[in-house]
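Asks: Next come the chains, spelled out residue by residue.
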Amino acid sequence: MLVPVVLVVVVAILLLVTFIGLFFRLASRLDSRKVSPAWLEEFSLESYAPMERLLDASDFRFLAAQPGYRPEMGKRLLSQRRKIFGQYLGLLIRDFNQLHFLARLMLVHSEQDRPELARELFRQQVRFYFAVCLVRCKVAFYPHGWTALDVPKLLHGLEHMRNQIALGALPPAVGTV
Amino acid sequence: MNQPPLAQLLYVVQVVALAALCVRILWTRLYRVYKYFFVYLLLVLLQAAVGLFVPIRSTLYLYIWMASEALVVVFYSLVVLETYAIILRDLPGIATVARQYMRIAIGCAMTVSLLLVRLERTPATIPQYFLICERAVISSLLVFVLLSVAFLVYYPLPLTRNAVIYSAGFAVYFLAKSIALFVANLRYYLWHQVDMGLLVVSVACLLFWVITLSNAGEVKTVVVGHRWDIQDEERIVSRLKAINESLLRTAKK
Chain A
72 MLVPVVLVVV VAILLLVTFI GLFFRLASRL DSRKVSPAWL EEFSLESYAP
122 MERLLDASDF RFLAAQPGYR PEMGKRLLSQ RRKIFGQYLG LLIRDFNQLH
172 FLARLMLVHS EQDRPELARE LFRQQVRFYF AVCLVRCKVA FYPHGWTALD
222 VPKLLHGLEH MRNQIALGAL PPAVGTV
Chain B
838 MNQPPLAQLL YVVQVVALAA LCVRILWTRL YRVYKYFFVY LLLVLLQAAV
888 GLFVPIRSTL YLYIWMASEA LVVVFYSLVV LETYAIILRD LPGIATVARQ
938 YMRIAIGCAM TVSLLLVRLE RTPATIPQYF LICERAVISS LLVFVLLSVA
988 FLVYYPLPLT RNAVIYSAGF AVYFLAKSIA LFVANLRYYL WHQVDMGLLV
1038 VSVACLLFWV ITLSNAGEVK TVVVGHRWDI QDEERIVSRL KAINESLLRT
1088 AKK
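Protein chains in written order, with our numbering: chain A, 72 to 248; chain B, 838 to 1090.
Please keep in mind that the hints were generated in silico from the structure rather than gathered at the bench.
C-beta atoms are modelled at their ideal positions from N, C-alpha and C, and glycine is treated no differently.
A couple of the hints might just be wrong.
[Claimed, not checked] Residues on chain B that point at chain A, a partial pick, calculated with CB under 8 angstroms:
{"hint": "1", "residue": "Val-934"}
{"hint": "2", "residue": "Ala-942"}
{"hint": "3", "residue": "Gly-944"}
{"hint": "4", "residue": "Ile-1048"}
[Stated by the list, open to error] Listed next, with one range per pair, are the computed distances between beta-carbon atoms:
{"hint": "5", "chain 1": "A", "residue 1": "Phe-201", "chain 2": "B", "residue 2": "Leu-1027", "range": "44 to 54 angstroms"}
{"hint": "6", "chain 1": "B", "residue 1": "Ser-914", "chain 2": "A", "residue 2": "Ser-150", "range": "50 to 60 angstroms"}
{"hint": "7", "chain 1": "B", "residue 1": "Arg-869", "chain 2": "A", "residue 2": "Glu-117", "range": "53 to 63 angstroms"}
{"hint": "8", "chain 1": "B", "residue 1": "Leu-915", "chain 2": "A", "residue 2": "Glu-182", "range": "21 to 31 angstroms"}
Between the sequences and the hints, there should be enough to build the whole structure, so can you do that?
Replies: Dropping the structure here:
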């Protein structure tokens, strides 16, 4: 009989913490001024082009082929590159979240019911976060031999998000693809 | 009343807080917006007032309490549905999504709630059956409120301060009541201690609403910092096309 009571107490604490977290998020939502059309004007995927090359194995092979190379040099380069890659990834996630917020904002204020857009936005978010988890695991295992980094997949998720915003921005009568 | 002095004091404070909230709702004319909530307050006030004149530990009070509590539970459901109907009205863009989500939320809430029945003792008397049913309904409402708040966090809906305060108060109250009823259903002899704790939470929630609900709280906090017009949309689309072209060039490398 003690087990159900302990279970109830644990669940109650978890629920209370969840509620507090949700209400805090509700009270301090993303600042819409940060996702204005002006922000979208400045936004560019080209900023993330370096990500595709940061952990390219050819750079490390080139370094290893140089005279006077020592393994510590390779490790230091890898460490620096991984750190920079992590920072880029953080910015990519931030921009994805802002784009996604923009798309949800358009959906909420749409004058027509758009369930297909809502479903697609949710799918894109799940795919993007799955891709981020995959990339993080791959970066963690990178020193142990794995070399293929699926950055285009992440950027593809961002592209989908932009397409959805483009579709959402125009009224259906205009018929964008 | 045949209760300890502290319980009697809390009971009186609860009645006073209920009356004060009813007056506040009337004074601010919020009863026009939150109709079911107002009727619920009147019902609970009447229920509490009965306890001042009928001995709490009598059979008469027990049956009056069960009958009125059944009505109160119905009004809990109506109040929760009323809140989200008010929040989600005039938002055609997410009408279908909201409807589907709420159906799923109700299904999940009922499932979670019914699973807990297995942990509770097999009831032997009518009041014990009643408490188990009440616990099941309140737990369902608790999970539903939690899932609904998650929906409100996910979509940047324009919300009134009153709606947030309202939801927060009910979330805390349902959580306390679910725990109280669950514990009481496991250990019936703990009912009076549990009831005391619930009285404290109830008074706290009522005072919270008295202090925070207001006319000014009905002004919607507009999430959009500006209005989106056709020129903004055209700029967004042209920028999106430029980005797509750039990405296609990168992908071909």
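Asks: Evaluate each hint against the coordinates.
Replies: A quick look at each hint next to the structure:
no. : hint                                         : in the structure
1   : Val-934                                      : holds, 4 angstroms
2   : Ala-942                                      : violated, 14 angstroms
3   : Gly-944                                      : violated, 18 angstroms
4   : Ile-1048                                     : violated, 17 angstroms
5   : A:Phe-201 <-> B:Leu-1027: 44 to 54 angstroms : holds, 46 angstroms
6   : B:Ser-914 <-> A:Ser-150: 50 to 60 angstroms  : holds, 58 angstroms
7   : B:Arg-869 <-> A:Glu-117: 53 to 63 angstroms  : holds, 54 angstroms
8   : B:Leu-915 <-> A:Glu-182: 21 to 31 angstroms  : holds, 30 angstroms
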